[in-house]
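These protein sequences, in sequence, are chains A, B and C.
Heads up, the first sequence is in numbering that gives the first Met the number 0, so the first residue is 0 and it goes up one at a time.
Heads up, the second sequence is in numbering that gives the first Met the number 0, so the first residue is 0 and it goes up one at a time.
Heads up, the third sequence is in numbering that gives the first Met the number 0, so the first residue is 0 and it goes up one at a time.
Below, a list of computed lysine to aspartate or glutamate pairs in the EDC-like style, where the Cα atoms sit at most 16 Å apart:
(1) C/401 x A/98
(2) C/247 x A/29
(3) A/99 x C/394
(4) B/90 x B/27
(5) A/219 x C/24
(6) C/320 x B/40
What the hints contain is simulated information worked out from the structure, not anything from laboratory work.
Remember, predicted model here, so these are calculated numbers, not experimental data.
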Amino acid sequence: MEKSIFAYQSEPTEYIKSGDSGAIEALIPERFLQRQEPDLPQATEQDVIRHFSRLAGLNYSVDTGFYPLGSCTMKYNPKINEAVADLPGLAGVHPYQDEKSIQGVLELAYGLEQFLLAVSGFQGLTLQPAAGAHGEITGILLIKAYHRLASKKEKRRIILVPDTAHGTNPATAALAGYEVRQVKSDEAGDIDLADLKQNLSPEVAALMLTNPNTLGLFEKNILQVSKMVHEAGALLYGDGANFNALLGLVKPADLGFDVMHFNLHKTFSTPHGGGGPGAGAVGVVEKLIPFLPVPLVKKKGEKFYFDYKVKHSIGKVRSFYGNFLIAVRAYAYFLALGEEGIKKVGRQSILNANYLLRKLKDVYEWPYRRSCMHEFVITPKTGWQVNTLDIAKRIIDYGYHPPTIYFPLIVHEAMMIEPTETETKNTLDEFSAALLSIAQEAQTTPELLKKAPVNSPVGRLDEARAARQLILKYEKAR
Amino acid sequence: MVPAELKYSESHEWVKQEGNTVIIGITDYAQEELGDIVFVEVPKPGRELKQKESFGVAESVKAVSDLFSPVSGKVVAVNEELSKTPELVNKEPYTGGWIIKVELSQAGELSGLMSAEQYEKLIKEGH
Amino acid sequence: MEYIGNTEADNKQMLTEIGVSSASELWSDIPQDKIVTQPLGLPAGLSELELRKHLRNLSDRNVNVEDYACFLGAGAYDHYIPSTVPVITKRPEFYTAYTPYQPEISQGTLQSIFEYQSLICNLTGLDVANASLYDGATALYEAAHLACDHTQRRKIIVSRALHPEYRQVLKTYFSDAGIDIEEIGCAQGTTDLGELRQKINDQVAAVLVQQPNFFGCLEEVEELATLVHEHKALFIVDVYPVSLGLLKRPGNYAADIVVGEGQSLGLPVSFGGPYLGIFSCRKELMRKMPGRVVGETVDNQGRRAYVLTLQTREQHIRREKASSNICSNEALCALAACVHLSSLGARGLKAAATASVIGAHRLADGLKDLPGWRLNFTAPFFNEFVATAPVEADDLNKQLLKHKIIGGLNLGRLYPELPQSVLFCVTEKRGPEEIENLLNILREIKQ
Numbered sequence: 000m001e002k003s004i005f006a007y008q009s010e011p012t013e014y015i016k017s018g019d020s021g022a023i024e025a026l027i028p029e030r031f032l033q034r035q036e037p038d039l040p041q042a043t044e045q046d047v048i049r050h051f052s053r054l055a056g057l058n059y060s061v062d063t064g065f066y067p068l069g070s071c072t073m074k075y076n077p078k079i080n081e082a083v084a085d086l087p088g089l090a091g092v093h094p095y096q097d098e099k100s101i102q103g104v105l106e107l108a109y110g111l112e113q114f115l116l117a118v119s120g121f122q123g124l125t126l127q128p129a130a131g132a133h134g135e136i137t138g139i140l141l142i143k144a145y146h147r148l149a150s151k152k153e154k155r156r157i158i159l160v161p162d163t164a165h166g167t168n169p170a171t172a173a174l175a176g177y178e179v180r181q182v183k184s185d186e187a188g189d190i191d192l193a194d195l196k197q198n199l200s201p202e203v204a205a206l207m208l209t210n211p212n213t214l215g216l217f218e219k220n221i222l223q224v225s226k227m228v229h230e231a232g233a234l235l236y237g238d239g240a241n242f243n244a245l246l247g248l249v250k251p252a253d254l255g256f257d258v259m260h261f262n263l264h265k266t267f268s269t270p271h272g273g274g275g276p277g278a279g280a281v282g283v284v285e286k287l288i289p290f291l292p293v294p295l296v297k298k299k300g301e302k303f304y305f306d307y308k309v310k311h312s313i314g315k316v317r318s319f320y321g322n323f324l325i326a327v328r329a330y331a332y333f334l335a336l337g338e339e340g341i342k343k344v345g346r347q348s349i350l351n352a353n354y355l356l357r358k359l360k361d362v363y364e365w366p367y368r369r370s371c372m373h374e375f376v377i378t379p380k381t382g383w384q385v386n387t388l389d390i391a392k393r394i395i396d397y398g399y400h401p402p403t404i405y406f407p408l409i410v411h412e413a414m415m416i417e418p419t420e421t422e423t424k425n426t427l428d429e430f431s432a433a434l435l436s437i438a439q440e441a442q443t444t445p446e447l448l449k450k451a452p453v454n455s456p457v458g459r460l461d462e463a464r465a466a467r468q469l470i471l472k473y474e475k476a477r
Numbered sequence: 000m001v002p003a004e005l006k007y008s009e010s011h012e013w014v015k016q017e018g019n020t021v022i023i024g025i026t027d028y029a030q031e032e033l034g035d036i037v038f039v040e041v042p043k044p045g046r047e048l049k050q051k052e053s054f055g056v057a058e059s060v061k062a063v064s065d066l067f068s069p070v071s072g073k074v075v076a077v078n079e080e081l082s083k084t085p086e087l088v089n090k091e092p093y094t095g096g097w098i099i100k101v102e103l104s105q106a107g108e109l110s111g112l113m114s115a116e117q118y119e120k121l122i123k124e125g126h
Numbered sequence: 000m001e002y003i004g005n006t007e008a009d010n011k012q013m014l015t016e017i018g019v020s021s022a023s024e025l026w027s028d029i030p031q032d033k034i035v036t037q038p039l040g041l042p043a044g045l046s047e048l049e050l051r052k053h054l055r056n057l058s059d060r061n062v063n064v065e066d067y068a069c070f071l072g073a074g075a076y077d078h079y080i081p082s083t084v085p086v087i088t089k090r091p092e093f094y095t096a097y098t099p100y101q102p103e104i105s106q107g108t109l110q111s112i113f114e115y116q117s118l119i120c121n122l123t124g125l126d127v128a129n130a131s132l133y134d135g136a137t138a139l140y141e142a143a144h145l146a147c148d149h150t151q152r153r154k155i156i157v158s159r160a161l162h163p164e165y166r167q168v169l170k171t172y173f174s175d176a177g178i179d180i181e182e183i184g185c186a187q188g189t190t191d192l193g194e195l196r197q198k199i200n201d202q203v204a205a206v207l208v209q210q211p212n213f214f215g216c217l218e219e220v221e222e223l224a225t226l227v228h229e230h231k232a233l234f235i236v237d238v239y240p241v242s243l244g245l246l247k248r249p250g251n252y253a254a255d256i257v258v259g260e261g262q263s264l265g266l267p268v269s270f271g272g273p274y275l276g277i278f279s280c281r282k283e284l285m286r287k288m289p290g291r292v293v294g295e296t297v298d299n300q301g302r303r304a305y306v307l308t309l310q311t312r313e314q315h316i317r318r319e320k321a322s323s324n325i326c327s328n329e330a331l332c333a334l335a336a337c338v339h340l341s342s343l344g345a346r347g348l349k350a351a352a353t354a355s356v357i358g359a360h361r362l363a364d365g366l367k368d369l370p371g372w373r374l375n376f377t378a379p380f381f382n383e384f385v386a387t388a389p390v391e392a393d394d395l396n397k398q399l400l401k402h403k404i405i406g407g408l409n410l411g412r413l414y415p416e417l418p419q420s421v422l423f424c425v426t427e428k429r430g431p432e433e434i435e436n437l438l439n440i441l442r443e444i445k446q
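Construct the complete structure from the given sequences, taking the supplied hints into account.
See below:
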């Protein structure tokens, strides 16, 4: 437990000279001014640094250890990316500067777009969305605009999502005003073709599909799915959260996707920041280009410029041009790996996941018995006196971050494990040894798991109390 | 476990008749499935409900469950205690954890609800 | 350069243990004719040394606010960032962590977000704040969306003195969604109260204004709030957080939702992102609030600790019924704002605001005396103001660049009714000598 930043009583360091505050009253009428100063911390620089450094020490992170959080692609974040994102000619550029004074910035954005197009097979792209879910709403608004222009009469008011989908998919579709219908998965873990057929109609605008899906399985009927969706006049939306498996191996556009968002903070090594900033670029096939948000970055001769003349543009989904400094990091990642390195990413991530699965599949329950892609789902064996939460908490005691738990929703007690390509065999060996040891404990000393974690800064939290009492800000009186 | 004097719906609400009004809550089975209840959203008194219409939600830390009215009628009272102590639904699902009182507009609907015996059978089958 | 640690021998051994003869057997579910065989067309990989040179090269081709004196604002502000901020945000324990789903090993992120929420509430004077949204524009959209949901009304009124890009974002999101957006014009640089009085009625969910507004002018927020509340609509105010070092807190004039672009709290201008969407509201609206929220609780030994709470509003639980689809937000940017405000304290924030206001008025005073120049509006302003130039704004800015000055925003492109107008911004980073220098150069620029 670390004390609150509001609990300090030292003298704030003077970063900015106070100047003549008496002059303000001559410039701004009194009715606009606040008499009482806002309640901000009273801490000197040393206290501030110690406070936040101590908080940092309470966090687990990729830089401190293995982080096999499924669907989150917690790969290593190269340090050079951080260094170049701080360059003054990148971090210090104002978004409204004249185009002539930002040629380097535009070249970088244009370059990253070309790289993303090269690995995805799409023809058009926007870097404007700030995160994956933001990319989703952008993509769905593109689809909506496309259908609206294609036919004024027919009303496509439904979006289909599989029962394995990330929660953002149905939330996005609903936000865009669509009715959401769920499509079942079959016994092999693929989207159920019969159920898909049943749900497709002239009222369907799109199917939102994650491939590999959240079970870590490649949708092996993808070409058939794509054919069925397109024959119904709908479009195929790709949730790119799991694109890491396919990077350098398959281009989503070749599988029939019409639009897909990329999570630069997953696939392209930019850090997650404790929950952002990410970046959610969106790639589209030719026929959706006229709907992309403005502006687009274009090149004429050696000059780069912003093009605001996009015929049927949906407008803007964010101020300015997106999370540019995240794009800088992704650009650096592409340049570092290059053609050969990028081709290894998906392949190595699949190999690492299958290796880890091999080590665990006989000891844990393995519901979908197929080779996995970049991640896989296992569960505790029936009969163990512990649940997935207990196992996850015990993993903390062994010095690792737990996997994603209780997702996907269709697997009871799911544990979704994604090792990523940057982990070594040695790390995977050590982690699997820990999980095997926990499986042993689950059967012999389950109370160890029930009490876990004990080796963490705090123990299990009373989440019900947090939700009932709702203390959402610091209150001095308490 | 399942009080014999109450009527039950397939969506796990219970109904207790008191003259022309009924008291509605969720069953012990339902609260157990949801886990620690942290918030119950209730309708405003005066609202007209149709049978099977959603009248509120019960939330645990990581789940949400819609509440459906087993009968049609006007909401005449809500359990104000739940705003401060939603855990009453966990602790006393059939008494202190009641949720709303409804004045019946279609008294005949009551006969269509399940008996305790029928409901017990339903939850044994795992619905 | 690749970030893969396994050797070929490791891989071979792994394949043997899995029991396949070649890795391609692992992806046999993929249609074989779709596997990439042709080159992707990417360049060859670079060493770190080469990479750094390449990026340095690109960086050097951009004018930037470190080397030039910047008088450009309009939603992105060149304020001073204490040296404490990057020291903390570059701590790998913060920036390489994920969303704090496992609270036992994420107390650093969780407590910093809790403190950020507290600071935002104290600045805005509202009851609750979330853990951040993408930026000011999307925060404004989320506020309008919440207002429509809460009031069950389908019309919003937006001031034309609100950032043009923000209004564009609203239009994009609400297009074809059954929500009407009506714009209210300006008189003397502020929202036209008379026009609002005519247009507001009991079908309006919310009225959206910016304080100070896009032109830098101060809106008569108290009068606006009264009018809006007479119709039981919500009053949504988009604030410039630095201004809250001096200006009245929105909670004091009964704003219902306060949003804002938090970039000015410790983030560089960054060519537009990553930024920070601030969102705070009254307690009654809390359960419809978008995004993550951290709450205080205790652990199993009674120790104070923090955890994500009110999660049933969110997409991972409520799916199509969620209050928003947001998942990843701008947590690290919220940390930057938290460290920024903690370092400055109330006095430091006030100092930044005061110096910015004084500088802007110094520049405005000098400009209005220059031949051919005039100030467009008479309304009181904060640290931005609009002036009409004797020459085209683009030409003016081209000349200024030669003097290592980034001039103000050419407003004519966004507001055709304001030809040859420039939106100037002054922050505490612009000293009196830089303002003098700008005035001297402008005096020389002829029609």
